[in-house]
Amino acid sequence: MDKIVRNFAIGLILLIILAPLGLLAVGETFGEWGAEEIKEKLGFVPPGLERLSGLWSAPLPDYAFSGGDESMTIAAAAYILSAVIGVVVCGGLLYFIGKKVARD
Amino acid sequence: MHIPDGYLGPYTYMAMWIIMIPIWYYAGKRLSTELKSRQVPLLAMAAAFSFVIMMFNIPIPGGSTGHAVGGAIIGIVLGPWAGVIAISVALVLQALMFGDGGITAIAANCFNMAVIMPFSAYYIYRLASGNTEISSSRHVIAAAIAGYISLSLAAGFTGFLFGIQPLLHTGADGVPLYMPYGLSITVPAMLLEHLLGFAILEALITALIFAYIQRTDTSLLYGEKSRSQKNKSMR
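Chains as they are written, first to last, in the numbering used here: chain A, 1 to 104; chain B, 1001 to 1235.
These are calculated hints, taken from the structure and not from any lab test. We treat Cβ as the ideally placed atom computed from N, Cα and C, and that holds for glycine. Misleading hints may appear alongside valid ones.
Claimed, not checked - Here chain B is said to cover these stretches of chain A; the calculated rule only asks that three of the stretch's residues, wherever they fall, bring their Cβ under 8 Å from a Cβ of chain B:
| id | stretch |
| --- | --- |
| 1 | 40-49 |
| 2 | 56-66 |
| 3 | 73-86 |
Isolated chain A, as found in the complex:
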């Protein structure tokens, strides 16, 4: 059991380090277009979409430092930092909750 946990943890660390590979894929994702992309497609932005899309300003939008143009190195660093935050917060939160509710 301990060995499995250790090996999965090593796997997670490898995934964090390799995460910037996910930045190499360029292209659009269906249904996740930004307002400009929609305007290019349709010639207009649906009014409800325009109204709701600005509802939330995330601290690290799209796993990047906000502010637009970044070098690939900075983008990769932001991506790795995002992965670390994700692993620590998700893992930490569920570990804490899990320890509290677990039987035996």
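Following the hints, complete the assembly by docking chain B onto the known chain A.
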């Protein structure tokens, strides 16, 4: 598959919140009665794994990008209810902190990736592996099939939610208010790119991790210990 804010109108996103709140509540109750302390590190790592694996965007022919979710292997190993909690935590953090998936669409995204996936994967895996020994290669194949179908089902339902928007929300002048494309575009688009691309990755990941656990400690698998104990008591 992370639906952003603005793509679903209020009828749809409110309906998904109304569906998800009792599911989260019940999943939490199930978790607190079933979770054993030795599973806690696995549960924590499952949420972390799901978070990270979704950052691995891969391109597919046609210019589209997407990712696996990890929801199938989590449902198979920890059980579907623990899967709901683990994947939901990852999705909520992605929405709040990284703007990946909308705030209004959190419930819809959780339904697609944190409910449809672990549940369909778990039952497809059980069905496809049948009564064969846990050590048999059929279990690995069953896990791969579960990964493939569960991600495609989640994508298909996401396409469905997108596609009903023009029916529900179109202005008096005929202008769509939210997602502008109808079912005949959204469902095939979501299904095809997952069936031909991302679901293959999900299947590989599911099979790989399953095979590793199968070779190391099958008592970690959800329902496996109780099943083998039952078999012993029947003898």
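Right, here's what the structure says about each hint:
1. Counting residues of the stretch 40-49 of chain A whose CB lies closer than 8 Å to any CB of chain B gives 6, which reaches the minimum of 3, so the coverage claim holds.
2. Check on the stretch 56-66 of chain A: 8 of its residues sit with their Cβ under 8 Å from a Cβ of chain B, so the three-residue criterion for coverage holds.
3. Residues of the stretch 73-86 of chain A with a Cβ under 8 Å from some Cβ of chain B number 5, which satisfies the need for three, so the listed coverage holds.
Checked against the numbered hints above, the structure breaks none of them.
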